[in-house]
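Could you build all of it, start to finish, from the sequences and the hints given here?
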Amino acid sequence: MRLIELMVLKQDISSVIEFLGKKGNFQFQSHKSSSDEKAKPNIDMEMLASLEEAKVFLNKSSLTIDEEYLASCTKPTDEDRAAAQKFLESVEELKKKEAHLQSELKRVKDANEEALSFSNLKVPFDQLDHLSFLSLRIGKIEPSVLDELKFAVGERAVIIPLGNDKSRIMAAASKKARFALDSELKRFGFVNMEIPKDFKGVPDDVLESLKKELSETEKTFAFFEEEKANMAKAHEEILKKLLATFAIGSQIIEKQNTLESTDLVYRITGWIPEESCHEMMKQLDALTEGRIAIRIYEPYEIPSVINGTEKVPVKLKHGKLVSAFERLIFSYGSPAYGPIDPTPFVALFFTLLFGIMFGDAGQGFVFLLLGLLMSFKVIKVGGWNKFAPIFMAIGTSSMIMGILTGEFFGNEEILKPVARFLTGLFGTPRDQILHMMPNEGPKSIINMFIFFGFTVGVGFFINSIGLIVNIMNQFNLKRYGKAIFNKNGLSGAIFFWYLVVLILRVVIFKHEVSMFDIVIIAITLIATAFAEPLSKIVDKERPILENGVGIAIIEGVVELLETLISYLSNSISFIRVGAFALAHAVLGYIISTMSEMAGPAGIAVMLFGNAIVIVLEGMVVAIQVIRLQYYEFFSKFFNETGKEFKPFAFEYKN
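End of the sequence shown = 667 in the working numbering, gap-free, step of one.
Calculated from the structure, these hints are not laboratory results.
Take these hints with a grain of salt, some might be off.
Said to hold, decoys possible - Here are the simulated lysine to aspartate or glutamate pairs, EDC-like style, with alpha carbons at most 16 Å apart:
hint, residue 1, residue 2
1, 36, 81
2, 254, 664
3, 253, 66
4, 73, 249
5, 36, 240
6, 328, 339
7, 99, 249
8, 23, 249
9, 110, 239
10, 122, 178
11, 109, 66
12, 666, 178
13, 241, 111
14, 153, 178
15, 36, 80
16, 241, 105
17, 153, 126
18, 199, 161
19, 35, 65
20, 253, 65
21, 53, 249
22, 324, 653
23, 390, 81
24, 549, 559
25, 254, 81
26, 153, 195
27, 23, 273
28, 36, 292
The following block contains the structure:
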């Protein structure tokens, strides 16, 4: 990684920012101080916002712009601004037309509903209203409360809906009950309507005329909607280009406003990967025709890096397969700049552990096929397509383990010819290369425990790699004390390795524990227990015993216990790998047995059972593998985090 300082003339600044954004390989460092003058108005962002509104108005909210299309566009030109203005003006005309038509449609609908409300009232209202024994009220009410009103007035009044939508009613009650009726009507939001003296309903020809007008207005509005859809379709590509163009322009101005500047010159500082540095600086010089000043710094030439106030960004460089596992690293924490990159180990261990725990040739093939389809973008699942190599890797490892255990979608019969052929190459043919199910008496039980021992051995290998990575990292960072005396350093590693070898000697070769063995273990444990003062002696730090001898002894005892417990738990934890492998085999056996018992429905049982296993157990196994990586592997060396390299790149957010 290199720190770059660029001095750019005002006339070139937008072109330089556009170049850096298109490359997507430069992380800006410099920022404007609070004392700098006001930012430049972002007119491109305003135009982008207007285009976004037009996109929504034209029902094109689902229109997306991918990275490839965005990369093919440039910052806005004068022609783009003129085209955008013309497009927005045409959209504005459509908006006005739509608003007018909506208002007209509402007016006609209201008039039609008003007339229909009184279509069944054929007696002159003034005759009814002057009846000595009857009190009438006509008006508007919310349809939702009509039933409640009827219940509230009970037998004291009659409520008659006058329209199909029940928004207008006639209430009739005796003269004695009119006050109670008015009280209830008021409580339910009733609004009186003024009725002409000679009103006795609406003539049929008027109703027919209003109905016809409503129909014509609805047709006009439908024609407008079609016109709007045609415009959206005809201008879709123009809209897409303008959105991408002004997205780039707005981000250029936004970034420009964060830079230190004078009236004529802008200063840019930022990080760039070493392998890209020379070529990009050469291209920048050509872009500005030599009107740029460039300075390049090594990371440890920078005062803020030396004193620890700034961390050098980390960019991991791998092939397609290994790079797919990078997010596992960064989800735990960004590696520090300089130490060993753990991603290749993570890729290997994740693939290995998943395959052991999820051994089935058929189910593994499903993962492999899914990964291939995602890789060729036959299946598109958003940002998940970049993890296609992981699906292919775990699918392959699961298939290999499935061939060893003889499982194919839980069935142990299909792969027997394959197992017999492979075992026959090395001796007597057998139906299974590796027996997982304890169904053959004491021998299968012994084989199962041997398998558990194998998984603990895998854990020993993973733990050892973690220790080696930590020791090398500490030496590279010149922290010699921690490299030698830490529990995850050389002394802790020697204790762990020697103890494992000693146990194997005693169990397998029947060796006795000698005084030499005790001395080696004691020395490494003491060195680990008092790692802090011993590290200070090696690194020439003072004071050595900051809190006195007594506290140092107590801390040493605690450190000793923690070392013993952590190494024991880190090793035993890998028994779960064997347990999950056995559980997977049992689940396969259960599904296979149930499908045989189900008769004609056996195929459905087999399909459903395997689908459940692939989805649910697949997720559980993945979580367990991640847990083993985080707590057993990363914990050995991931004791400080760095800063992930996040380069500036143009993007379009829908």
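Hint by hint, which ones does this structure get wrong, listed from lowest number up?
-> 5, 8, 12, 19, 21
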